[in-house]
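A.B. asks: My request is simple: use the sequences and hints to build the entire structure.
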Amino acid sequence: MPLLFVIPFLMDRYRRICAIILFFSFFLAGTLRIGQLINTLDVEEPDGKSYLFETVLIESNKTIKMLKILQPDAYKDTHVILRTERELDIGDKIIIYGELKALSETYKNPYLISWKWLKHLECINFELKGDILTIKKGENTIDKIRRFIKDRIEETGAKHIGIIKALVLGDRTSIDEETRIVFQRTGTSHILAISGLHIGIITGFFFFIIKWILGRIRPLALSGMDKRYAAIITIIFPVLFMVFSGSNISTIRATFMVSIYLLAIFFEKQRDLLNTVFLAALFILLIYPHSLFMPSFQLSFLSILFIILITHRVYPFIKVNDRFIKWLLITLTTTFSAMVGTLPVVLYNFYGVNFLSFIHNLISIPLICLISLPLILVGIILPYGGYLIVLAGELINLNIYILKALDFGYMFPLIRPGLFESMLFYAIIICLFFANKKIVFSILCFIVLPLAITHSISEINKRFYNDLCINFIDVGMGDAILIEAPKGKRILVDGGQRFKGDFDTGKNIITPILLSKKILTLDYIINTHPHSDHLGGLQYILEYFKVKKFVTGGFFIKEPLFLETIKRCKDKMINIEIWNAGSMIFLEKDFHITVLNPDRNYHSVNLNNASLVLKITYGKKSILLTGDIERDIEERLIMNNMPLEAHVLKIPHHGSNNASSIAFLMAVRPDIAILSAGKGIKGLPGKETLNRYKILSIPVLSTLKNGFILICTDGKKLSVNPYQIR
Numbered sequence: 202m203p204l205l206f207v208i209p210f211l212m213d214r215y216r217r218i219c220a221i222i223l224f225f226s227f228f229l230a231g232t233l234r235i236g237q238l239i240n241t242l243d244v245e246e247p248d249g250k251s252y253l254f255e256t257v258l259i260e261s262n263k264t265i266k267m268l269k270i271l272q273p274d275a276y277k278d279t280h281v282i283l284r285t286e287r288e289l290d291i292g293d294k295i296i297i298y299g300e301l302k303a304l305s306e307t308y309k310n311p312y313l314i315s316w317k318w319l320k321h322l323e324c325i326n327f328e329l330k331g332d333i334l335t336i337k338k339g340e341n342t343i344d345k346i347r348r349f350i351k352d353r354i355e356e357t358g359a360k361h362i363g364i365i366k367a368l369v370l371g372d373r374t375s376i377d378e379e380t381r382i383v384f385q386r387t388g389t390s391h392i393l394a395i396s397g398l399h400i401g402i403i404t405g406f407f408f409f410i411i412k413w414i415l416g417r418i419r420p421l422a423l424s425g426m427d428k429r430y431a432a433i434i435t436i437i438f439p440v441l442f443m444v445f446s447g448s449n450i451s452t453i454r455a456t457f458m459v460s461i462y463l464l465a466i467f468f469e470k471q472r473d474l475l476n477t478v479f480l481a482a483l484f485i486l487l488i489y490p491h492s493l494f495m496p497s498f499q500l501s502f503l504s505i506l507f508i509i510l511i512t513h514r515v516y517p518f519i520k521v522n523d524r525f526i527k528w529l530l531i532t533l534t535t536t537f538s539a540m541v542g543t544l545p546v547v548l549y550n551f552y553g554v555n556f557l558s559f560i561h562n563l564i565s566i567p568l569i570c571l572i573s574l575p576l577i578l579v580g581i582i583l584p585y586g587g588y589l590i591v592l593a594g595e596l597i598n599l600n601i602y603i604l605k606a607l608d609f610g611y612m613f614p615l616i617r618p619g620l621f622e623s624m625l626f627y628a629i630i631i632c633l634f635f636a637n638k639k640i641v642f643s644i645l646c647f648i649v650l651p652l653a654i655t656h657s658i659s660e661i662n663k664r665f666y667n668d669l670c671i672n673f674i675d676v677g678m679g680d681a682i683l684i685e686a687p688k689g690k691r692i693l694v695d696g697g698q699r700f701k702g703d704f705d706t707g708k709n710i711i712t713p714i715l716l717s718k719k720i721l722t723l724d725y726i727i728n729t730h731p732h733s734d735h736l737g738g739l740q741y742i743l744e745y746f747k748v749k750k751f752v753t754g755g756f757f758i759k760e761p762l763f764l765e766t767i768k769r770c771k772d773k774m775i776n777i778e779i780w781n782a783g784s785m786i787f788l789e790k791d792f793h794i795t796v797l798n799p800d801r802n803y804h805s806v807n808l809n810n811a812s813l814v815l816k817i818t819y820g821k822k823s824i825l826l827t828g829d830i831e832r833d834i835e836e837r838l839i840m841n842n843m844p845l846e847a848h849v850l851k852i853p854h855h856g857s858n859n860a861s862s863i864a865f866l867m868a869v870r871p872d873i874a875i876l877s878a879g880k881g882i883k884g885l886p887g888k889e890t891l892n893r894y895k896i897l898s899i900p901v902l903s904t905l906k907n908g909f910i911l912i913c914t915d916g917k918k919l920s921v922n923p924y925q926i927r
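For the sequence shown, the residue numbers in the working numbering are 202 to 927.
Treat the hints as calculated values from the structure; they're not laboratory data. There may be inaccurate statements among the hints.
[To be verified] Quick list of simulated restraints, FRET-style, between CB atoms:
1. 287 <-> 704: 16 to 22 Å
2. 765 <-> 522: 53 to 59 Å
3. 324 <-> 522: 51 to 57 Å
4. 521 <-> 288: 45 to 51 Å
5. 599 <-> 663: 46 to 52 Å
6. 803 <-> 719: 36 to 42 Å
Each residue gets a CB set at the ideal place from its N, CA and C atoms; glycine is no exception.
C.D. replies: Structure follows, in structure tokens:
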């Protein structure tokens, strides 16, 4: 239906009035749609009862499935997620006995993109937890065709069937972990997810075939109608591909956009590309206004917009007779344009760039998208086309071999831009490309550049702000503490866990926080002790950030993770320092760190008791960081008359009942205590421990309940700012 509104817009005589109508229609419908979406954010909590749910699978990846509830009626048409690694096909009817739970954030930190919020924008508010009782294959025509395509692919025995199914059906569940990591590390993982690139290539493939066929019809060829009719007929193919690949939002957006462009060809308006792009964006936002906040939408339209803007300016200068060299130069220009146009969005959402991805994509896009994908489609359509699918599998295998050979590194972290910085970036780029226009040049010189200089000075002043700020980061069951010291020094104490699979607190939590704070260099990384919940996440930080010094207590010679860390430090030429009780490190005037543990003369087989205990002092205020020490070390610290008194105490060992003795708490006498804890480990924090803090009237803030906790002091006063107050 929305395509009908495009037709008059593409005709000159109606352009102005249609633009006005569309403008107000967009804002009216968009306002109503946003209202519907906002209402879904304030959803009622589920009743907590278990039901027999009849559902249908509408989207799938390896561990998370998206379902639509068919029964019971109270939750009919509600979209929910289900966590399971079972292999399921889109369209499957699944009976589950369980209950609905409201979606919740696993980690509560600022600067992170909220997974819960993104799901809310997609109108997904609940998770279905329960047991799968039965699975029945979908019986409608689309489901049967999808199964036929899947069986057709699998029976060929081609290499990398998982990737082939991802390209055609949008099913990435069969891609093995090693292959997925290769694409991720080389910045080509977008090729595995059906997007505008795939839709565009499929559209172009069928358009040129249909145009060639219609061009054999002499009357159409002479009248020039072959191209126009080919455009209309071609619309069928991206729509069919969208339906069979699962019809997710990004695929719908891409299909909508190419359909508008094909209509523009039919009405002979294809040269007005910018209008076509903005018209597509207008209608997509009219139907899905929340797309504006989705990285996939932003990346798609910014890349297309900058390809049009930059190649239009550069193309006249490409005066080469050799067709291959000309094609190569145009391809390089197009790829570069897309990278420049999407840079702020990439940095904001993915925290860095892989500079070699330019080359990786230059190889992968032709091999996989331009050659393999059409081969697969023809192989599925032709009765004896299985050999074409096998050939596509060989090309994909060749592509993976080349990617592995050229994989010299992963993401290079760069500062994460805010909205103002992104706007400045785009303003500078646009002004540079249109600097020949006097008004644009004046804007660049007298508005944009002064704003950029002023903002840079402001950021430098922030960096060297005099207050001491200590950030207790929510990494679940583990520790990660970022110290922003006076005069610009930055210290990271511990880094949380590195889990099996894809999640790494260093990469997924600490990195975005560091880059949002414009931190690319750490003066010190301090590991209190080498348990994985303290040292695991530091591996990523040591690998990809500039680190001046790595600090340890030094008694962990046989620990594999510790040995891996020391080797990484040596490979990166990071200075290693060993701190023991009695050391005092003066970093700035009135700011120093006193080491209270471990004692070089006391060796414990318990790694927790070998933790570094650090007293951080700035002016008249102090913070005591205790690692995972237990009661034995608490008693030794008291017996050795260590200066334990502090205004802020990081609760030892995540609140274990075997720590935080009454004697220790009375020796420290904190004004407030910070508990770093997470879900999943029974007995942490212990009820007895929390009760001891309550008896002594010591207020406790927990990363489990409050999330990220920021404590700042000017050396005289102390401010405490939890991310969430409960």
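A.B. asks: Which of the listed hints are broken here?
C.D. replies: Structure breaks no hint.
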